[in-house]
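Residue numbers (UniProt numbering): 1 to 185.
Don't read these hints as lab results, they were simulated from the structure. Hints may contain errors.
[What the hints assert, rightly or not] Cβ-Cβ distance ranges computed for the label pairs, FRET-style:
1) THR62 - THR118: 13 to 21 Å
2) ALA167 - ALA64: 43 to 51 Å
3) ILE103 - ALA39: 37 to 45 Å
4) LEU115 - ALA39: 35 to 43 Å
5) LEU115 - ILE32: 18 to 26 Å
6) ALA167 - GLY65: 45 to 53 Å
7) VAL85 - ILE50: 33 to 41 Å
8) LEU113 - PRO165: 34 to 42 Å
9) ALA39 - LEU138: 34 to 42 Å
Cβ coordinates follow ideal geometry from the N, Cα and C atoms, glycine included.
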Amino acid sequence: MATHAAHTHDKQRIRFDQHLPVDHRLNLVYRIGAGLIGAFLVVFGILGLINHIGFFDIGGATVAGLNTNGTLSVLSICIGALLLVGMAIGGNVASTLNMVLGILFLLNGFLFLALLDTPDNFLAFRIQNVLFSFVVGLLLMTFGMYGRVGHALPHDNPYWRARHPEAAPQEQEGPGRQDRRGQVL
1 MATHAAHTHD KQRIRFDQHL PVDHRLNLVY RIGAGLIGAF LVVFGILGLI
51 NHIGFFDIGG ATVAGLNTNG TLSVLSICIG ALLLVGMAIG GNVASTLNMV
101 LGILFLLNGF LFLALLDTPD NFLAFRIQNV LFSFVVGLLL MTFGMYGRVG
151 HALPHDNPYW RARHPEAAPQ EQEGPGRQDR RGQVL
């Protein structure tokens, strides 16, 4: 016989794009992270295009210590511009964009690690590109997850409250406090 009560509480899925206000102090972290990496990628892509490298040339050329070809240069400009747009919008959009692109950079690093020194290496990656992809992916994920995950989130953080719905009402007791749906108690 089980001696514990079955916990069947409704866990509401947290919508990561709705819980932090646009003017939240973490907005600066998301924006600066997206902006710096985006600006570097745009400059890297432009310098690669200036060298008139073939679009699918697997030999590539070196720009800023990284190997590139025309395709990687155009892709870098597009992703850099996307990060700059995320920086301009800021808030939860920049945070989510940083997380998604961080994961894509990591996956890209693993993909081209497997394609090194093969004829299928259409972006002309070398080991320095793979390492750059891993570092940028981890940085973007860190910027995007800052304030959303961690063991030391304050109890008034909306992400902590969404993960601990049973503790949230106890934390919010008192006059003028709000329940999980935002209604004043």
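(request) Mind checking the hinted window 37 to 45 Å against the Cβ distance between ILE103 and ALA39? (result) Taking Cβ atoms as reference, ILE103 and ALA39 lie about 21 Å apart, which means the hint is violated.
(message) Is 34 to 42 Å respected by the C-beta to C-beta distance linking LEU113 and PRO165?
(response) holds (41 Å)
(message) I want to verify a distance hint. Is the separation of the beta carbons of VAL85 and ILE50 within 33 to 41 Å?
(response) violated (23 Å)
(request) Can you let me know if the beta-carbon spacing of LEU115 and ALA39 is within 35 to 43 Å? (result) violated (28 Å)
(request) With 43 to 51 Å as the target window, see if ALA167 and ALA64 comply at their CB atoms. (result) The hint (43 to 51 Å, Cβ to Cβ) holds, given that ALA167 and ALA64 are roughly 49 Å apart.
(message) A range of 34 to 42 Å was offered for this pair. Does it hold for the Cβ distance of ALA39 and LEU138?
(response) Distance hint for ALA39, LEU138 is violated at roughly 18 Å.
(message) Looking only at beta-carbon atoms, does the pair THR62, THR118 fall within the given range of 13 to 21 Å?
(response) holds (20 Å)
(message) Quick check: does the Cβ-Cβ distance between LEU115 and ILE32 fall within 18 to 26 Å?
(response) violated (32 Å)
(request) Take a look at whether the Cβ-Cβ distance between ALA167 and GLY65 falls inside 45 to 53 Å. (result) The hint (45 to 53 Å, Cβ to Cβ) holds, given that ALA167 and GLY65 are roughly 49 Å apart.
The earlier numbered hints that this structure contradicts are 3, 4, 5, 7 and 9.
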